[in-house]
Structures are given as C-alpha cells and as structure tokens.
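Novice: Fit chain U to the supplied structure of chain V, relying on the hints for placement.
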Amino acid sequence: MWKLLNPAQEAGAPGGTLLGAAATAAPAAPAPTYNYTTPIISSYAMTAHAMGDIGFGAILNVNTSGDVYYFVIDVAAFTSKIDIKTAADDKTSIITRYGIGFRVAVVAWNIDVKASANLGLVAASAQVKGGQSSILAHAFAGDISALGGIAGITKFNGTKFDAQTLKDLAGFVGQLAGVIADNGATIAPAAMDFGVLNPNVYTPDKVVTANSFAIEQLCRSTPRSGLDNWLAGGGHDDWRKAVISPTIVAAAYANFGVTAYTDGGSTDQVRQAQLVQGLGT
Amino acid sequence: MGTLTVPVTPFIAKLGGVDNVVLSLADIAPANMITLADRPAADSTYTALDLSIVKTNFSVLASLGFGDFMSTKISSNTFCSYMDLVVSQHITPTLAPDSIVVGATFGLGFRLAILAYDIDASFSASFADIAAAAKLKMGYTSYQIIAVGGGLQVIGAAQPLIGNLTGEFTVETLESIGAVQAELTQLYVNKNKGLTPELLSVDIDLDRMAKLYSGYGGSTPRHYMDVMSSQHYALQRAWRGRTLTESLADIQANANWSQNVTPDIVTDFYTRILGLKADQVPDADPIRKRLRIMLQAGT
Chain V
4 MWKLLNPAQE
14 AGAPGGTLLG
24 AAATAAPAAP
34 APTYNYTTPI
44 ISSYAMTAHA
54 MGDIGFGAIL
64 NVNTSGDVYY
74 FVIDVAAFTS
84 KIDIKTAADD
94 KTSIITRYGI
104 GFRVAVVAWN
114 IDVKASANLG
124 LVAASAQVKG
134 GQSSILAHAF
144 AGDISALGGI
154 AGITKFNGTK
164 FDAQTLKDLA
174 GFVGQLAGVI
184 ADNGATIAPA
194 AMDFGVLNPN
204 VYTPDKVVTA
214 NSFAIEQLCR
224 STPRSGLDNW
234 LAGGGHDDWR
244 KAVISPTIVA
254 AAYANFGVTA
264 YTDGGSTDQV
274 RQAQLVQGLG
284 T
Chain U
5 MGTLTVPVTP
15 FIAKLGGVDN
25 VVLSLADIAP
35 ANMITLADRP
45 AADSTYTALD
55 LSIVKTNFSV
65 LASLGFGDFM
75 STKISSNTFC
85 SYMDLVVSQH
95 ITPTLAPDSI
105 VVGATFGLGF
115 RLAILAYDID
125 ASFSASFADI
135 AAAAKLKMGY
145 TSYQIIAVGG
155 GLQVIGAAQP
165 LIGNLTGEFT
175 VETLESIGAV
185 QAELTQLYVN
195 KNKGLTPELL
205 SVDIDLDRMA
215 KLYSGYGGST
225 PRHYMDVMSS
235 QHYALQRAWR
245 GRTLTESLAD
255 IQANANWSQN
265 VTPDIVTDFY
275 TRILGLKADQ
285 VPDADPIRKR
295 LRIMLQAGT
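Residue numbers (my numbering), protein chains in the order written: chain V, 4 to 284; chain U, 5 to 303.
You may find that some hints are simply not true.
Okay, the calculated bits of chain V under chain U, using three or more residues with CB under 8 Å as the criterion [unchecked claim]: (1) 189-195; (2) 205-211; (3) 248-254.
Which residues of chain U face chain V? A few of them, derived with a C-beta cut under 7 Å, are [to be verified]: (4) LEU19; (5) VAL158; (6) LEU210; (7) GLY245; (8) TRP261; (9) ILE277; (10) GLY279; (11) GLY302.
These are calculated hints, taken from the structure and not from any lab test.
Ideal Cβ placement from N, Cα and C applies to all residues, glycine included.
Extracted from the complex, chain V is given alone in its bound form (with noise of 0.2 Å):
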C-alpha cells in the first residue's frame, strides 16, 4: 500500500498539494509528457489505523465510541522509476514511486456497522439512522491545476454523506479517472512512498538457516507452504525477525528435486533430505 508524502514534512520534494488548500502551482515547462507504466485501480474498507498510515490522519479526529467505518477509491499511475531512501526515524529504506492520481476516502460513523460493504449502504444508513459522515478527497501532481475540473472536488469536503452525494461523488470519481486517463501524460508525476524494503538483506548465516529449516522440514513430508505456520508455533521468535528466507528455502526444496509449492516431497526425496540432515550427527 502506498503512502502520500507530506510537502510540509518533505521539503524538496514535488509533493502532493491537499485541495481546498491553496494550489501552488510550479510554472509550466513546455509540454514535456510522461511515461506513465503501472496503474492501480482499487476500493477497499479499513481500520482507523491504516487510515493513519496512508496519509489521512487528520480524518481520525473524529471523535466518536462507535464503530467508524472508512471507505478509500485509489485510482493512480506511475512512472517505472524508482528511488530508495532511508527514513530519518527508523532507517529503514523506504521505496518511493513517482505518479498522478488521487485518493477518495469517505469516513462514516454512527451508523449500522454492518452496512460496511460500500458506500450504497452507508449513504442509506446515514440517511434513515441519523449517522454522521464526511468525505475527503486529496490529488496529486506537479500540477494540480492542469487537472481540468479537479477542483469540483472540494465541494465534497465535509460534506453530510447522502444518497445524492454519493451519485455525485461516484459521477466525479469517473470523469476524475477519465481526465487522468486524457490528459495524465502531460501532467509531472509526484513523490510518494510505496512501501518499505524487505529489511530482511543477505547474510551467510541466512543462508545455511533456510536451508537447514528447508532439509527439517522436508524431513518431516512438510511442503515449503508451511513456513508460516512453523514460524507461528511456539518458541520460535529467535526466527520470526525475517530471518528465513522463502525464496532460498524454494532453492533448496528444488534441490531435493520438490518445486511445487505445496508438495510435500516423494518418499525418495524426504529420504534423501533425512541422509542430508543425517551427516555429522
């Protein structure tokens, strides 16, 4: 899941400009246009938390005893390159992609939790029950007012969520996504952070670690699929820290001749993997 950097927090950066703040706008170049290869399309329902994560936290000021119910339409596209960098607060490396798109998300509370399917059910259950909601939108680009129309948008700020605003908001969702569509390639791409790099990197101790728990478990007739659940069970947190790699303990299963990935291996190969663990003991 990708997060929106925050301009204010990421001097430098071609950041993302919340709407209905005031629009700064770079001076345009001429008419450069932009390769844009990967699109993300989706809608999904999420926790309070996760709203935080991926850039709208202000929205989490609502206070409230009941169930909040948050709804997000992500429709993006980015460019095929790619910066690593290292955050300042945990040093972990963060991969930073660079697009245009925006985010939509709807949050609602004070209503019947079951209605928590989509956005229908919500605007019904807003209605009849009195619950409370509000919408945010934010866009990102360069050059936000190169998106013709995006600033419509804003009237969705805060808006009591109803039947009527929904149809809105769902008519300007997809000629947002068309303008995109249109025009996106003339349109610079911003920064943001797509996700964090596996922190697990190569050791040699790694290695000869996922190749023993490979031979172990192919010991015991266990397919690789069950990495997870091994590392579940009890007593094992020395290798809970991405110690095992799932890609080496695939080599070494293929070694025994055993590539699927729920295969549990012929009783010639478990035997050949319990001669291997045999050795030295």
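Specialist: Then chain U, alone, in the frame of chain V:
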C-alpha cells in the same frame, strides 16, 4: 542443477551504490549479484498468454495482494473469485560476471478480484447470481483491479468501473465488469505495442548461488546440494564442539559423510562464516547462539 523461477515485485532500483538491483531478491544475495540491466526490446512481441478464472477462498485472495479489502467482515458464507490475464515475454539478459539472475519474464496483465458475502448460499454459483442476490437480499460485495503495465490506457479502459466503485454490486456492475474485462483483454492482447511491460519473475541460477554461498571465488564449479550437505555437516560438528581440524578428520569416520561432504566447503564454513581458526573450539556464547539458530530452524 538448473534454475529456479521466482515471482518478484517489478521494482528495479539503485541500492547501496549498485544500479539495476532487483529489490525482491535482496534477501538471497548481495546487491551486486542480483542485478538486471536489460529490458525487453521496444515493440517486441509477447509469446505467452495466460488466462485463469479461479474460484477460491479468502486467504488465497489475501495472499494475491488483495489483503486490504474487507478483511474484517468475513463471514462463513463468502464467495471469492479472481481473474488473471497476462501476456508475457522471456528475455535472457547479458550476464553480469557475478549476477545470479540468468533470465527474466516481463509482461502486461491484470487481476480482477471479486468478493461477496452474506449472500444466500444457494446463490453462490456464478457472478450473475451474486449480482442478483446482492440486489435482492442486500448482501455485500467488493471488487478490486490490480493491473501490471499499461499505465493511463488501463485507467481509460476501466473508467466505467471506476465510477461504480462506490456502489452496490448489481447486474449493472456485472455488465460494466464484463465490458471492462473485454476492453482490458483487447488492450493487452491486441494493442500492446505502445505499452511498457513490467518485470514479473526472474530465473536464478542455483549453481551460481551455490558458489556465492560457499564463498568460493575461483573457477571450480559448485553444486547447491554439495554446499547444503557440507554446510549441514559442518554445522552439526561445530554444534558438538568440534574444531575445524577435528571436523575435517571426522569426515572419514562414516561412509555417508565421506561420500557427501566436500572438505573445502567445511573449511569455508568454519573460517569465513563462523570466523574461527583451525584449532579454535566453537564454544563461545555468541557462536553457540548463532549455531543454534542456524541448526534448529524448522525443527
């Protein structure tokens, strides 16, 4: 032993001063050994087409990258399905001297997942039934598209569905999904010329991995099975408090051992990986802890 094909994320970037590193492989080798500089030639043709429509369960759907949607609302009566369409081409990259990446597959495609729940079990037969049930009985549905490659044209093709993302899953939604599927299939199969394909999987060479893992820089070939067997032997002997000199002598004590253990690899394990001298007993606490983690994984 041959090669192993590993599905990877499409991320290729500069890492630790090395260009063109396949980031997904950072856990199996140092950055300079997992590089892939080559890309498919412009306007090259796709040689493989894979299409699958799979009815499945929720945990499989989550493992395919759909983890965020609806994770908290799963009831027993859940209907999951996904559709994959991928066109791909295989390339054989120019081999960097140390790289273990000997092949790569690039492609374009999309994956569409549909999840429906709290719907009368008797309806759970087809998408059309699901759509009807959702309308009639207020069941809940969600759907999501993950696309690989194709950029803005995919957003254009999927536009009818995007406006629908807010709404209920109805017969109309089903129709727009069908139309979008047809558009995307058309785009990926017949109009793929201008689209930039993305990395889908790489082939890694097991003997080149073996050479790295046994610390051997010379020209002697290494086989993964020999490295795995010999290191496991050395690990067991070290765990029993034997020095390098003793372990090398012990190889002759058992026919199985002498047939399957390569002395050079045992020496490399003691000196390079453990950092021990020939007659140093591996009994210090830090060494014992490392040996335990290496030996008891999977037990």
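Novice: Does LEU19(U) pass the interface hint, meaning its C-beta sits closer than 7 Å to a C-beta of chain V?
Specialist: holds (6 Å)
Novice: Can you take a look at whether the region 248-254 of chain V is actually covered by chain U? Rule is 3+ residues, C-beta closer than 8 Å.
Specialist: With 5 residues in contact (Cβ-Cβ under 8 Å with chain U), the coverage given for the region 248-254 of chain V holds.
Novice: Have a go at the GLY279(U) hint: is there a Cβ in chain V nearer than 7 Å to its own Cβ?
Specialist: violated (10 Å)
Novice: For the region 205-211 of chain V, do three or more residues have a beta carbon lying closer than 8 Å to a beta carbon of chain U?
Specialist: holds (count 6)
Novice: Return the status of the interface hint for ILE277(U): holds when the least beta-carbon distance to chain V is below 7 Å, violated otherwise.
Specialist: It holds, given that the least Cβ distance between ILE277(U) and chain V is near 5 Å, below 7 Å.
Novice: Just to be careful: measuring from the Cβ of VAL158(U) to every Cβ in chain V, is the smallest value less than 7 Å?
Specialist: holds (4 Å)
Novice: TRP261(U) was flagged as interface toward chain V. Is the shortest Cβ-Cβ separation under 7 Å?
Specialist: holds (6 Å)
Novice: Minimum Cβ distance from GLY245(U) to chain V below 7 Å?
Specialist: Violated - the Cβ of GLY245(U) stays beyond 7 Å from chain V, reaching only about 12 Å at its closest.
Novice: Using C-beta distances, would you say chain U covers the region 189-195 of chain V, given that this needs three or more residues below 8 Å?
Specialist: Not satisfied, violated; 0 residues make the cut.
Novice: Report holds or violated for the interface hint on LEU210(U), using the least CB-CB distance to chain V and a cut-off of 7 Å.
Specialist: holds (6 Å)
Novice: Holds or violated: is the Cβ of GLY302(U) closer than 7 Å to a Cβ in chain V?
Specialist: holds (3 Å)
In the structure shown, a violation is registered for the earlier hints numbered 1, 7, 10, in ascending order.
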